[in-house]
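S.K.: Protein chains in written order, with my numbering: chain A, 2 to 485; chain B, 28 to 121; chain C, 1423 to 1524.
No lab work stands behind these hints, which were simulated from the structure alone.
None of these values were measured; they are calculated from a predicted model.
Don't take every hint at face value.
[Stated by the list, open to error] Computed cross-link-like contacts, BS3-like style, restricted to lysine-lysine with a CA-CA straight-line distance of at most 25 angstroms:
no., chain 1, residue 1, chain 2, residue 2
1, A, Lys476, C, Lys1445
2, B, Lys32, A, Lys163
3, B, Lys61, B, Lys71
4, C, Lys1509, C, Lys1445
5, A, Lys30, A, Lys443
6, A, Lys163, C, Lys1445
7, B, Lys32, C, Lys1445
Chain residues, written in single-letter form:
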Amino acid sequence: MFGSVLDVIVFFALTNPIVGWATLKFNFKWLCGVYSLAGLSIAGVELYEISTNAFSRPLEIPLSPMPFESYLRIDALSIFMALTFIMIGFFVTAYSIRFMESEGGAPLYYTSLLLMIAGMIGVVSAGDFFTFFIFWELMCISSYVLVSFRRRHWEPVEAGVKYLVMSSAGSAAILFALSLLYGLAGTLDFIRLANAMRNPQDIWIYAILMLMILGFGVKSAIFPLHTWLPDVYSAAPSPISAILSGVVTETGIYAICRVLSTIFISLRAEWSMILAVLSIITMTFGNIVALLQVDLKRLLAYSSIGHIGYMLAGVATGTPLGLAGALLHIFNHALMKGNSFLCAGAFIYRIGGRRLDEIAGVGRRMPVTATALGISLFALTGMPPLNGFISELIIFTSTIQAGMIWLGVCIILNSAISAGYVLRIIRALLQTTNEDKSADVKEAPIIMLLPIFLMATLVLLFGVWPDPALKLAMKAASTLVLKG
Amino acid sequence: MKVDKTWLAGLAITILLIILTVTFIAENSFPAFKLASYEWSAVKVSDRMGAEVASFMWNRRSIDVIGQIIVLFGAAAGCILIFRREGEKQDEYA
Amino acid sequence: MLDCYVMFSAVLFIIGVYCLTTKRNMIRMILGIEILINAANLNFIVFSAFRAAGFIDPLGHSIVMISVGLAGCVTAVALAITIYAYKHYGTIDIRRLSRLRG
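Just chain A, with the same shape it has in the complex (with noise of 0.2 angstroms):
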């Protein structure tokens, strides 16, 4: 009904309830995770069993709809950007069968789990902006329950209203500037409005972009709206930080690039520079406050505001090379930050603490998870073999192909500052100190070691050869079209 990997998903997430009754009578207490991981991997097959016909032509669900109609449609961007999100709410899932496995309530944590999964693939593939909408409010109902899953401790609370605030006013920001675009054009959908909207020359243009601008910069932190981001990342349990830092926030720069490339194309001098400056003022504040951090958690998500700053640079230089550039930071941003926020856990789960002098020393308690936090936390300023140097490398290119350099020697120049805190965090889990804080602890336990050992050689191997992501990136790039 929706295509057949939504389908699958929203299966197995209202199915998982009955499964969790189920572990009552068979006392094995994993088995809603396995549960969720086998539906993952399923819809995974399906996302390369429709890929291979999606790529030149895209998919309509129904077929050949009419202007008023809601449809599903699955193009090559929509193919890349699922891709991403099963890949890391795969490894999210299973880390999560051993972290959450002391909290209760573990079916409906997969069920709102695999449904924020859904509601993330429902609005990449979504044809018109009401279906679109209708998935976005999927997406952060059950980011929200989430981020407030440890309801006893205060500090998950304070953060889940913080956010929860900011975010419905960016949902109601993005539904009145919906209303203003089906007053003007009379069809929500996204082809036809791309047809209908190629010379508006109307001022009412600039105010549907001011409140899409502001709605959709507050899912994705952009500078002044970006302050539920560091108590939320910290607070929320880590398997949840890592999946929100990973795709949840990057949706928000999908949904620009999808409203620029449709309704804006004629405004290309103006969103190109106002973007700009955002990204500049968005990096550079990310990345000089994150020196000033002791909490790690805190450090990386002040660290993930600097790299949306990259994917907005991206974005604002207009060209193909551009987009697909950032298309592939987004790609391998949730590979980096997830894996980091999955390292972060495990120490949480083996220490108790998350600052940077009661994690001293762990390194050498915990040498697997420490070097595949080392090789996460290279690959973040953009080390060459690792695959953050690719992407910023694109998006470094595209400026100057742009010719926008100065925006270039921001994205350099904030490289190099993200290399201090870098090198802050590895030496303290370097460290060797007096008091041994940290002498009984053990390696993290296999299950959550696995899938921090498979992102790490995935960013490594990423690395070494990016030519498959690569190509899948220009491909999705090459069907938004920036230029009128």
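Put chains B and C on the given structure of chain A with help from the hints.
M.R.: Frame of chain A, contents of chains B and C only:
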């Protein structure tokens, strides 16, 4: 009487914004459906209007309706997840 | 005539933003979010009614019917989280929730 500074500032900015918006809309009248060039299904205003809009919604926008059902289920599951009980004691709240 | 309605829904949107940013009570902030969503819904109905004289466009009406349901879901989750905020802090004043800073 203690007057909250933030409330006064918020009120002043809101009144200013309302005046600006009303002026903006009065100056640039909204070009309703100027760019609408595709066919649309029209429902005549009559007593049967509700039934016709409902049949439009179920026939043409069925994906949206099923999506809304999934969101409703997700919100209900989320609320149950937040309110779950497992040996709750009143003195656990910090 | 259409402009009066658009003006009204824009003013409603700004009042919603005022509620969201200046009120201290968390329940009033959640009502502010509802006001924002309802301003957009009103806009949809207005445009649906003014497309042609004597006819309505059912697309706008369908969108509003679904959007009302979505607003209800957001409010439900918001109130659930507010209950736990009250249990932790003993107050529903948003200015007291300031332990996370920096």
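S.K.: Take the hints in turn and mark each one as holding or not.
M.R.: Hints, verified against the model:
Taken as a hint, the Lys476/A and Lys1445/C pair is broken in the structure, with Cα atoms around 48 angstroms apart against an allowance of 25 angstroms. Restraint check for Lys32/B and Lys163/A: the C-alpha separation of about 22 angstroms stays at or below 25 angstroms, so the hint holds. The suggested pairing of Lys61/B with Lys71/B holds, with an alpha-carbon distance near 22 angstroms, which does not exceed 25 angstroms. Restraint check: the Cα-Cα separation between Lys1509/C and Lys1445/C comes to about 20 angstroms, which is no more than 25 angstroms; the hinted pair holds.
For the hint pairing Lys30/A with Lys443/A, the CA-to-CA distance comes to about 23 angstroms; that is within 25 angstroms, so the pair holds. Between Lys163/A and Lys1445/C the alpha-carbon distance is near 14 angstroms, which keeps this suggested pair within the 25 angstroms criterion. Only pairs whose Cα atoms come within 25 angstroms are accepted, and Lys32/B paired with Lys1445/C is accepted, the gap being roughly 12 angstroms.
Consistency note: the structure conflicts with earlier hint 1 alone.
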